[in-house]
Each structure stands twice: as structure tokens, then as C-alpha cells.
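Novice: Modelling step: build the complete structure from the supplied sequences, incorporating the hints.
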Amino acid sequence: MRHLAWAYLAAAYVFVFLPVVVLVVFSFQDGRLPVPPFRGVTLDWYAKVLADGKLMAALWNSLVVAVVSSTVALILGFLAAHALARVRLPGSALMRGVLIAPLTVSYLIIALGLLNLYTQTGIRLSLWTAGIGHVVINLPLCFAITYAAMGDHQKAAERAARDLGAPEWKVLLLISAPMLSAPLAAAFFLSVTFSWDEFIIAFLLTRFDVTLPVEIWSMLRSGLSPATNAVGSLVFLVSVTLVILLELLVFRRAK
Amino acid sequence: MSLAARDRRLAWGLLAPALLWTAAFFILPFLGMVALSFAHMEGRQIVHGFDAGNYVRIFTDWTMLKALINSLEITAVVTVISIVLAYPLAAIIAFRVPVRWQRLALLLAVLPFWTSYVVRSYSWLLVLGQNGVVNQTLLGLGLIAEPLQIASTRAATVIGFVHFFVMLLTLTIYANLIQLSPNYARAAQDLGAGRWQTFAHVILPLTLPGVVTGAFLTFVLCIGDYITPQILGGNAELTLPQLIMLQLGRSGNFPLASALSVILMAVVTLAYVTSSRWLRLDRV
Numbered sequence: 001m002r003h004l005a006w007a008y009l010a011a012a013y014v015f016v017f018l019p020v021v022v023l024v025v026f027s028f029q030d031g032r033l034p035v036p037p038f039r040g041v042t043l044d045w046y047a048k049v050l051a052d053g054k055l056m057a058a059l060w061n062s063l064v065v066a067v068v069s070s071t072v073a074l075i076l077g078f079l080a081a082h083a084l085a086r087v088r089l090p091g092s093a094l095m096r097g098v099l100i101a102p103l104t105v106s107y108l109i110i111a112l113g114l115l116n117l118y119t120q121t122g123i124r125l126s127l128w129t130a131g132i133g134h135v136v137i138n139l140p141l142c143f144a145i146t147y148a149a150m151g152d153h154q155k156a157a158e159r160a161a162r163d164l165g166a167p168e169w170k171v172l173l174l175i176s177a178p179m180l181s182a183p184l185a186a187a188f189f190l191s192v193t194f195s196w197d198e199f200i201i202a203f204l205l206t207r208f209d210v211t212l213p214v215e216i217w218s219m220l221r222s223g224l225s226p227a228t229n230a231v232g233s234l235v236f237l238v239s240v241t242l243v244i245l246l247e248l249l250v251f252r253r254a255k
Numbered sequence: 001m002s003l004a005a006r007d008r009r010l011a012w013g014l015l016a017p018a019l020l021w022t023a024a025f026f027i028l029p030f031l032g033m034v035a036l037s038f039a040h041m042e043g044r045q046i047v048h049g050f051d052a053g054n055y056v057r058i059f060t061d062w063t064m065l066k067a068l069i070n071s072l073e074i075t076a077v078v079t080v081i082s083i084v085l086a087y088p089l090a091a092i093i094a095f096r097v098p099v100r101w102q103r104l105a106l107l108l109a110v111l112p113f114w115t116s117y118v119v120r121s122y123s124w125l126l127v128l129g130q131n132g133v134v135n136q137t138l139l140g141l142g143l144i145a146e147p148l149q150i151a152s153t154r155a156a157t158v159i160g161f162v163h164f165f166v167m168l169l170t171l172t173i174y175a176n177l178i179q180l181s182p183n184y185a186r187a188a189q190d191l192g193a194g195r196w197q198t199f200a201h202v203i204l205p206l207t208l209p210g211v212v213t214g215a216f217l218t219f220v221l222c223i224g225d226y227i228t229p230q231i232l233g234g235n236a237e238l239t240l241p242q243l244i245m246l247q248l249g250r251s252g253n254f255p256l257a258s259a260l261s262v263i264l265m266a267v268v269t270l271a272y273v274t275s276s277r278w279l280r281l282d283r284v
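Heads up: the sequence lines are chains A and B, in that order. At position 200 of the first sequence the residue is numbered 200 (my numbering), and the sequence of numbers has no breaks. At position 185 of the second sequence the residue is numbered 185 (my numbering), and the sequence of numbers has no breaks.
You may find that some hints are simply not true.
[As the list claims (entries may be wrong)] Estimated spans, in silico, between C-beta atoms of each pair:
#1 Leu28(B) x Trp6(A): 52 to 62 Å
#2 Ser181(A) x Tyr55(B): 41 to 51 Å
#3 Leu33(A) x Trp196(B): 47 to 57 Å
#4 Thr274(B) x Ser181(A): 33 to 43 Å
Worth flagging that the hints you see were computed from the coordinates, not collected in a lab. Here the structure is a predicted model, which means the values were calculated and not measured. Cβ atoms here follow ideal geometry from the backbone N, Cα and C, with glycine treated the same way.
Specialist: As C-alpha cells, this is what we get:
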């Protein structure tokens, strides 16, 4: 029974890591195709990818959209969570529901709805129109994470600050935000990783300037290539670095 | 003005931006989409009105109905396989791996979760393709004479999905398992329950809400996904999202795409209602 458990764990790791290992290994392939046999190690594909202007522009676009849309989502979500956690309002359960609702809707539907809205109002597609969609999907996340983190201890500190005459913006900025720095950071990083990797909204709602997943998608159309492996490996490296930073900076300290 | 009234006004002020954003960019477009689903096309022109023709077409045109059935079948299979694979994995990490290594074991088990979403399906293509790793290995070992056709079949789509959702479910189920007090299992064993009985009658029912929540998330994300079936399944068979994208791209038929999306939405809502008894979305 004990051996069976370890064998299962090992098999699970193999299954989970198989595609990633294949991706990374064949990004160094000294040949045209990223499939066996492995013909030796080269860094050419990385050089090619890093010198690709369109790809680097898409990477930059992705970062800008991710950071800006996550910042907006975090601010809106945090303010709403602060309001709902602090005051009992009529219909607050309904409002929580409305704010969380986009979480249960497929991204495709959100994208299609927005595409239709933009077409009818004559708004031209750009990185910003996709960014609006990313705020829609990340706002519920930021709201839920910060709302769940607000406790009595924090409410007491806020009340004390208010009693001492602090205006509300000072309470938010100097008391609430610092006390919630861990969940705020977690919500922000999570939003950034979701937005930076999101495909369907970015695909339907951008036109000339595109984000990285959309650019990778158009690379796929020309078939298998170690260059795609190289891009994929770089993206993986960035995401994993973000996750490890989050783990070390936020969760370690929170314990 | 009383203090309470001022507080309430301030709270509304803080809430307004988030509510307005959600109303303008989520609720309004959604209602617009529902309205558009009752429009129809004349040539390349959208004619607004109240016409249930799109819905009639979806349920009478076999291509469309088949896409809905494909989506439901794939999603059901993926959800079941993923739970069956993820539960033991989460349990082994929670109960067998020493506590100080658990976080690392879990982090490793879900690390590929963070590969780019488009790239993840592409990577499976390298593994499952005609001259991919699996076929080359089996050919090299002499186990098969001809390469197996895995890519561009439903099996490839299912494998790609299961890979992703096993990681997601391992996370949610693990979170549930470690929240259980060990006293439950101890009490059951003191009362003479064997290992299996303890699991079946105590641990499993207690973690059911977590499993159902994970299953619901899997269902929603899987049935609405375009990339995985498009890259791995190819065009051998269509899923609902693929059909929606086809309507948008090839024919620019927004009304039909909207109607298909409303159906997709209805299926998800149905899944939500069915599972809502056990659902704990706030505890994910």
C-alpha cells in the first residue's frame, strides 16, 4: 500500500511534467522539428525569438495590459470589498453576487458580449478594449480575495483611525491597505498571471497590436517549430518566477 | 446628516466604480448578446427583431446539435477522469508526504499549471503527434509498427484537458483535506472502522463540498474552452466554442454565435443549479 502511494505520486509527476519537459528540451533542438530524435543542443532558437520584433512587441503589450488591467481591477475590487465589509447596505448580498458573477461565465461569452458592444458603439479594437475585458474577469477575483481577508481585527483598527479624525482616504491608504498587503499582493499577482496568459478575450478584442498568447497562436498556424518551444519556455520561466516570488514574499511572510 | 447615513453614502461611493464597471462591461453586453440572439442575418446584414430562428436551427441542424453533444460528452468525461486521478494525488500529498515537504510537493505537482495556456496544448501536440514522443518511443521499442493516430482525435483533447484539471483539482481537494481535523479519522478508527471504511464513510463525505466545487469549476472552464479542442482535437469534430468561433470568423454570423453562447450559458447555469446544494464558491 505504501509503495503503491509513492508509485502513484511518481506517475502523477511524470504525467504532469511530461509536456513541459518535452517543450523545454526541444527548445534546444538543433534541427527544424521539435520532435525526437534529439539532434543536439543549440541556442539559435532563443536568439531567433529574442530578435523577433513582433514577438517582443507582443510580449511588451502583454505585460502592459496585464499590469494596467490588474491595477484597475485591484483598486475597484479593494474599494468595493472595503465598502461591503464595513457598512451593512440594503441588498449587499445581491451586490456581492453581481460582483462575483463574471467568475462563473466563460471567457468566450464575455469576449463575445464586449465585441458586440464595441461594434455597436463604434469603439475601435485595441489593446485597451482587451484590457477592459481583463478587468472584467479579474475584478471578481480581486474583490473576493480582499473581501475574504477583511477581519474584525482590521475593522477595529480602521474604526480607531476614524475616531481619531482620519479622513476615509487616509484610513484606506494608511491603515487598510498596509494591513491587507499580503492578500492585495496575492490578488494582484494572480490577476497579472491570468491576464498575461489570457487568450480568447485578447484574440477577439485586439486588432493590430496583439498580446503574446495571440502572437503565439499565429505562430502555431505555420506548424511545429522549436521557435515556439523557445517562446513557450521563456513564458514558463517568467510565470514560474512570479509564482515563486509570490510564494516567498507573500505567503512566507503571512505565516 | 447622521453618522450612519454619511457612512452609507461613503460606502456607496466606494462601491460605485466596481458596480458601474460590472454593469457597463459585463451585464449590459450580456443582455445585448441575448437580444442579438433573436436577430437574424439577411445576406451580410444583421436584422434586429424577435426571431427564435437561431434557436430552432441549433436544435434541428445536426452539426450544431452534435457540437453541443460533443461538448457535453467531453466535459463529462474530463470532469470524472480528473476527479478520479486528482483525489488520490491530493490525498497522498496530504496524508503520506511529511508535513514539511507538503507545500513543496504540492507546488511541484501544479507547477506546469503556470505554462502559457496556448503553449500547454501545443506541448501535448509534441508528445502525442504523429512523430511525437509517444509514437517515437513506442516505435523505437517495437511495440507498434505504425504510428498511432492520437492527435486530432477526441482522446488528445481529453488528455490535454485532464492534464490541466488534475492540477486544478489537486489544489482544491488538497485544501479541503488538510482542513479536516485528524480527530474524525481517529474517532472512526477507535470505533472499529477499517482504513477503507474510514475513507468511504468519513473522509469522502466531509470533502464532498470541495470536490463538487472543483468539479463545477472544471465543468465551466472545460465546456467554454476553445484552444484545447482546436489545437489537440483539430477539426475532426466540433465543440460548442469551436462552432461559435466558426460563426464569428467565417460567416460573421453574430446572431447565431450569440444564440450558441446563450445555450452555453444555459448549460453552465444548469450545472450551477444542480451542484449549488454542495457548492462553496467562497471557499475555493
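Novice: Determine for every hint whether it applies to the structure shown.
Specialist: Right, here's what the structure says about each hint:
1. Range check, Leu28(B) to Trp6(A): Cβ separation about 54 Å, and the 52 to 62 Å hint holds.
2. Roughly 50 Å separates the CB atoms of Ser181(A) and Tyr55(B), a value that falls within the hinted 41 to 51 Å.
3. Checked against the given bound of 47 to 57 Å, the beta carbons of Leu33(A) and Trp196(B), roughly 49 Å apart, stay inside it.
4. The hinted range of 33 to 43 Å is satisfied by Thr274(B) and Ser181(A), whose Cβ atoms lie roughly 39 Å apart.
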